[in-house]
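Trainee: I would like the entire structure built from these sequences, with the hints used as guidance.
Using my numbering, the first residue of the sequence shown is number 2, and each one after it goes up by one.
Hints are computed from structural coordinates only; laboratory data are not their basis. Errors might be hidden in some of the hints.
Said to hold, decoys possible - List of simulated lysine-lysine pairs, BS3-like, C-alpha gap at most 30 Å:
id, residue 1, residue 2
1, K38, K53
2, K53, K43
3, K336, K266
4, K13, K182
5, K316, K279
6, K182, K125
7, K182, K58
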Amino acid sequence: MNISLYHHGKLKGTILSSALPAFQILSEQLGFQSELKDNGKKLLLHSYLKNKKVILKVNNHYTQFNSMLKSCLSYTGLQVVDFQAGSKTLNHEDLIIDFQCTNRLKRSTDLQLTITHNNLLTNKEVNHYFLHEFQDFDIRVEIEQNNDEPIPYLHVCYTETENEENIALRLANGVIRYLLKGNETAIISCMSLDLLNNLLSAPPQKRKRKLEKSAENTASRKLEQAKMLQAEVIFDYTVMPNSNFDHFIIIGNLLIKNIGNTALKNPFICLRINPSDKVELGGQILPPEMTEILAVQGTGGAQGWQYVGEDWLTKAFETGEYWIRPINDVRIMPKETEALRQFQLSIDKLQEKGTITVEGFVYFQEQNLRFPASNRIVFSF
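Mentor: Shown next as structure tokens:
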């Protein structure tokens, strides 16, 4: 039986019922909430923030700031509603934002923004999720605390300025980061699949010219020198702990650079994880049966990466090795770089002292080549 797949209310394709469990696990790793409807005939994918609610309380009739903030937050799937006096459901809300525009702030004419918060939002959280958003854009901010409110609460007072649109965008970023805390990669679920395709696809004409130029250059050099098949493989990654430092997310890229003078064809990647039962691998890597539905579509067809074989997950649990290949043929021209981007490693803190290692290897089977990564990901407890 085929199951219809809907994302943000739009039909995106169908999947086999036998693929449903694996598909739902993959969706959860990407931050989606899934829901079966019509006796299992429809699978609905929702934003990670679908059940989160933000209450906006406006103290004057200055609506441009309100409109921009509401638009940015609503796009992610958040429930954004206006404050209703006398509401009895406020204890169940995730955040109240009370904001107003004023000609001048109380303490300093140099300040553009004051943020007052209650004790359910710590100074550390406000500084981490909000303050740096404004500092990066030279917007001056003062943080104050008021413990009177019984739920997470922000009072934002800003001076009337040409930067009000930028202030609204920065505040929206801070709110989204706060509600995603500990699961930042789930922002993928807040975007449309069509937009993700556009973001992840290279501009067709630009990439075509680049390939043609590279092909011409390598063709002329081949007449003058012998073939040299060589690649450089490197891990590039970032570690993101949760607030308690007992769970860690590693967002990584495996970069494959052709440092030879001949095109390299169709890389197969092996990620070897030890111990295999302490780490979960996720990201933009698709099971083979789901490539037709979720793969990014470019001018040359489907793009991206998929696991190798229908039993890839069983083999990974048994051996610690995850095998990954391109969805369509890939040629890496000399001096060009291909990458397995934005893979995600989810790690819980070990109960005893120990080390988790991730090694990478790249194979070009058609050319009988093997290149190990020059570095490893090592996590010690």
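Trainee: Each of the hints needs a verdict: does it hold here or not?
Mentor: The hints, checked one at a time:
1. K38 to K53: holds, 21 Å
2. K53 to K43: holds, 23 Å
3. K336 to K266: holds, 14 Å
4. K13 to K182: holds, 29 Å
5. K316 to K279: holds, 15 Å
6. K182 to K125: holds, 13 Å
7. K182 to K58: holds, 23 Å
Consistency with the previously given hints is maintained throughout, with no hint failing.
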